[in-house]
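Enquirer: Could you put together the complete structure from these sequences and hints?
What follows is the residue order along each chain.
Protein chains: 2
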Amino acid sequence: MITIDLMSRKPIYDQLIEKIKQLILSDVFSANDHLPSVRSLSCQLSVNPNTIQKAYTHLCNAGLTYSVAGKGCFVSPQAKEILGQDAKQELPQFGAFARRLLDSGIDAEQLKSLIDQLDSERRSSL
Amino acid sequence: MITIDLMSRKPIYDQLIEKIKQLILSDVFSANDHLPSVRSLSCQLSVNPNTIQKAYTHLCNAGLTYSVAGKGCFVSPQAKEILGQDAKQELPQFGAFARRLLDSGIDAEQLKSLIDQLDSERRSSL
DNA sequence: GAACTGTACTATGTGTGTTAGTACAGTTGT
DNA sequence: ACAACTGTACTAACACACATAGTACAGTTC
Numbered sequence: 134m135i136t137i138d139l140m141s142r143k144p145i146y147d148q149l150i151e152k153i154k155q156l157i158l159s160d161v162f163s164a165n166d167h168l169p170s171v172r173s174l175s176c177q178l179s180v181n182p183n184t185i186q187k188a189y190t191h192l193c194n195a196g197l198t199y200s201v202a203g204k205g206c207f208v209s210p211q212a213k214e215i216l217g218q219d220a221k222q223e224l225p226q227f228g229a230f231a232r233r234l235l236d237s238g239i240d241a242e243q244l245k246s247l248i249d250q251l252d253s254e255r256r257s258s259l
Numbered sequence: 134m135i136t137i138d139l140m141s142r143k144p145i146y147d148q149l150i151e152k153i154k155q156l157i158l159s160d161v162f163s164a165n166d167h168l169p170s171v172r173s174l175s176c177q178l179s180v181n182p183n184t185i186q187k188a189y190t191h192l193c194n195a196g197l198t199y200s201v202a203g204k205g206c207f208v209s210p211q212a213k214e215i216l217g218q219d220a221k222q223e224l225p226q227f228g229a230f231a232r233r234l235l236d237s238g239i240d241a242e243q244l245k246s247l248i249d250q251l252d253s254e255r256r257s258s259l
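In order, the protein sequences belong to chains A and B. Here the numbering used here runs 133 ahead of the position in the first sequence, where the first position is 1. Here the numbering used here runs 133 ahead of the position in the second sequence, where the first position is 1.
Just so you know, the hints here were simulated from the structure itself, not pulled from any lab data. It cannot be assumed that every hint is accurate.
One copy or any two copies: either way a pair holds, since identical chains are not told apart in the list.
Said to hold, decoys possible - Once the Cα atoms are required to be at most 27 Å apart in a straight line, the calculated DSSO-like pairs of lysine-lysine come out as:
#1 K221 <-> K204
#2 K187 <-> K204
#3 K187 <-> K245
#4 K143 <-> K204
#5 K245 <-> K213
#6 K245 <-> K204
#7 K152 <-> K213
#8 K221 <-> K245
#9 K187 <-> K143
Expert: Below, the structure written as structure tokens:
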């Protein structure tokens, strides 16, 4: 269910955070669902437990999950809402990316048609 | 002309590379123009000469500049063309970013109107 | 020859990512 | 009660990237 690219220059804990966010958004993990335990996931991915916990701690601090000592880590009911808010705050960064591509000679229509294509792909896979 | 954010988590040499690319794209630096010398720029930015050279070496390896020992570092005639090619290769990455925002509930129309706005800003500033 | 240019090299300090090992408190199921 | 699980906290060590410091050499410009 969760895979990690050990050769990536992106930190493992960072990849894990993004993966879990993605699984929450795609409703694979729903509110109050039980996440894999730190130890089991560390065995499954052949990664140190501390690295897994670092990701879990981050998710918990971001309000996306809540932890119960002895029971486990669960998806927060407000997780999807929070992820939506986070995405809105990334719009300026997205704009800077787009602006850079426009400056480099990429056509605005090309970017917009790409977005249309991605959007229709998304809708058809729901 | 060139500024650096020392507090940014982004490496200085990386910021410098992006700045110079930007200046080439905006025709502040044209083909065969003379870039600031390693030492003068290191003084101007209060940054170690090695850090400047790291950026210059990268630009040279990317074909954006060429160096002449004893004379200096100059903008390659093919620089803008290369930057255009680089931008095309970044489209998948841009698409992944857009897809993530769409998955998070951002509307496709909102992204497209953002691109339109950036494009018209760009055209009016030429 | 003096003053500039790019380039190369070693050494050092700092921060981050990762692994390793240990320990403790709470929950679950037998 | 006990064993096996859960999250959490902590120290130690290693590797790597970024940046700084200092020195050196070859080529150019005036």
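Enquirer: Each hint needs a verdict: does it hold in this structure or not?
Expert: Verification of the hints:
{"no.": "1", "hint": "K221 <-> K204", "verdict": "neither (33 Å within a copy, 48 Å between copies)"}
{"no.": "2", "hint": "K187 <-> K204", "verdict": "within (18 Å within a copy, 50 Å between copies)"}
{"no.": "3", "hint": "K187 <-> K245", "verdict": "neither (37 Å within a copy, 36 Å between copies)"}
{"no.": "4", "hint": "K143 <-> K204", "verdict": "neither (30 Å within a copy, 39 Å between copies)"}
{"no.": "5", "hint": "K245 <-> K213", "verdict": "both (26 Å within a copy, 23 Å between copies)"}
{"no.": "6", "hint": "K245 <-> K204", "verdict": "neither (46 Å within a copy, 45 Å between copies)"}
{"no.": "7", "hint": "K152 <-> K213", "verdict": "within (14 Å within a copy, 36 Å between copies)"}
{"no.": "8", "hint": "K221 <-> K245", "verdict": "both (18 Å within a copy, 14 Å between copies)"}
{"no.": "9", "hint": "K187 <-> K143", "verdict": "both (14 Å within a copy, 22 Å between copies)"}
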